[in-house]
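*Asks:* Just so you know, the sequences run in chain order A and B.
Each residue of the first sequence is one higher than the one before, counting from 66 in my numbering.
Each residue of the second sequence is one higher than the one before, counting from 66 in my numbering.
No lab work stands behind these hints, which were simulated from the structure alone.
A quick note: this is a predicted structure, and the numbers were derived from the prediction, not measured.
Heads up, some of the hints might be wrong.
In this list, chains with the same sequence are indistinguishable; a pair is considered to hold if it fits within one copy or across any two.
With a Cα cut of at most 20 Å, we get these calculated EDC-like pairs of lysine to aspartate or glutamate [as the list claims (entries may be wrong)]:
id, residue 1, residue 2
1, K202, E139
2, K202, E220
3, K78, D238
There are 2 protein chains.
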Amino acid sequence: MNYNLSDLQQMEKLQRTNFVNSLTGFKSACLVGTKSALGNTNLAIFSSIVHLGSHPPLIGMFTRPDSVDRHTLENILETGLYTLNHLTRSMTVKAHQTSARYPREVSEFEAVGLTPTYLENFLAPFVEESVISIGLKLVETQRILANNTILVVGEVQHVLLPEHCLGSDGFIDLELAGTITCSGIDSYHATEQLMRLSYAKPNLEPHRIDLH
Amino acid sequence: MNYNLSDLQQMEKLQRTNFVNSLTGFKSACLVGTKSALGNTNLAIFSSIVHLGSHPPLIGMFTRPDSVDRHTLENILETGLYTLNHLTRSMTVKAHQTSARYPREVSEFEAVGLTPTYLENFLAPFVEESVISIGLKLVETQRILANNTILVVGEVQHVLLPEHCLGSDGFIDLELAGTITCSGIDSYHATEQLMRLSYAKPNLEPHRIDLH
Chain A
66 MNYNLSDLQQ MEKLQRTNFV NSLTGFKSAC LVGTKSALGN TNLAIFSSIV HLGSHPPLIG
126 MFTRPDSVDR HTLENILETG LYTLNHLTRS MTVKAHQTSA RYPREVSEFE AVGLTPTYLE
186 NFLAPFVEES VISIGLKLVE TQRILANNTI LVVGEVQHVL LPEHCLGSDG FIDLELAGTI
246 TCSGIDSYHA TEQLMRLSYA KPNLEPHRID LH
Chain B
66 MNYNLSDLQQ MEKLQRTNFV NSLTGFKSAC LVGTKSALGN TNLAIFSSIV HLGSHPPLIG
126 MFTRPDSVDR HTLENILETG LYTLNHLTRS MTVKAHQTSA RYPREVSEFE AVGLTPTYLE
186 NFLAPFVEES VISIGLKLVE TQRILANNTI LVVGEVQHVL LPEHCLGSDG FIDLELAGTI
246 TCSGIDSYHA TEQLMRLSYA KPNLEPHRID LH
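Same shape as in the complex, but just chain A (with noise of 0.2 Å):
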C-alpha cells in the first residue's frame, strides 16, 4: 500500500503524529536529566537520540519547536549540562511518565519515582535507577529551518556503566545492561541480539563476531 503525502496530510492530528512517528523505525528512548539556574531538577524522556561522531564524542538530540515551556532546553542552555540516562524494563511506565507536562517549579524525579543522584563537580543530576548514564556538556544547537526543531549537540564527559558490559573492544552489550528501544510515540520493546559482523570490504562476505 501507498501512502502518499497528502494522504498523511489528510489524516487527524493523532493518527498522523502515530504514523510519522513510527516510520523512522526503532528508537532510542532516554531520560534527560536537567538543573535549572534556580536547582530545580528536571526529567524528560526523549526519543530523538543520534550519534553524531566519536572522536571528540558528540551526540545530538531535537527538541520541539512548541510556543509551550521546554524546560530541558532551558535548563540546558541555562547551565550548559545535562544527562542522558537508558530506560530499563522497569522503568518503562515512570520514564514515560515524565512526559506529562508538569510546572517548572515540579521536578519529575519526585512526581515520578525516580531518584536524581549526581557525580562531583558535575551539576546535572543523573538517574540512578537506570545502568547506564551519559554526562555531556552542551557545545552546540542548530534550528532547523523547516520546523524550528533544535539540535542540541553535546560532548560526553562521563559514561556510567557496569565494568561487565563493556566488551574488549569498546563494544557495550546494551542488552546485558537491559537497555530496551521505542517506537513510536508510545511503544517499548525490548531486544534479542541477532548477530554481529565483521567490518565490510568489498568483495568479501561479512562474518558473525563474538561479543567479547
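Since the structure of chain A is provided, determine the placement of chain B on it from the hints.
*Replies:* Here is chain B on its own, set in the frame of chain A:
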C-alpha cells in the same frame, strides 16, 4: 564504573568507535537508496535516522564529514530524492555489506544482491526486499560546526507499507513488519514488544493500550 572524556580519548580508535557508537542506545537501521544524475544507483546503510516532525512529516539523517567519497550525499544533492528502507532479519548481511567502500560506478544493489524497484515519477530506487520503505524529498541541509557532520532533512513523499501493519490510530506495528534494530556499529537485534502506554498526564498513572 565511570569512564570520563580523558578515558575515551585514550582508547584506541576502533575501541572508541565501538564504545561511543553504543552510547546512544538502540537505533534504526535503514538502507538509503539514491541515484546519481548520470543514473548510477547507490545503496548505503545508515543508523543516524531521526524523526524531526509530523506536520510536515520530516525525517533527518546525518552523514559523516570524511573527505572520502560520500556517494549518498552527492546523489541526494544532485537529484533531491532518496529512499529509506527498513531492514528485516533476512536482509541483515546484505545490508551490512553496503557499508563496504565500493567505487561510485558500482551499484551496491548489484554488489550485495538486493533489488531496486521504482514508483512512477520518483527517481530514487526503493529496496524491493524491504517491507517498509519511505520516499523523501530533500528540503534542507545543516552543517554541525563541532565536527562538520551534515544533517540531511527530508520531507516524506511516499510510504510503502503492508496495510495489515497499520493500526486504526496510525501506529505502525514494526514488529509485525519484521523491522529490526541495531546497536554500536555492527550489532543487529530483533525486538519483542513490552507495552504501549497511554498519553501521559500529571497525577494520572499511564495505562497499557492495545495495538489495534
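*Asks:* Hint by hint, say whether it matches the structure.
*Replies:* Evaluation of the provided hints:
1. K202 - E139: This pair counts as within: shortest intra-copy Cα distance 14 Å, inter-copy 32 Å.
2. K202 - E220: within (5 Å within a copy, 31 Å between copies)
3. K78 - D238: between (38 Å within a copy, 19 Å between copies)
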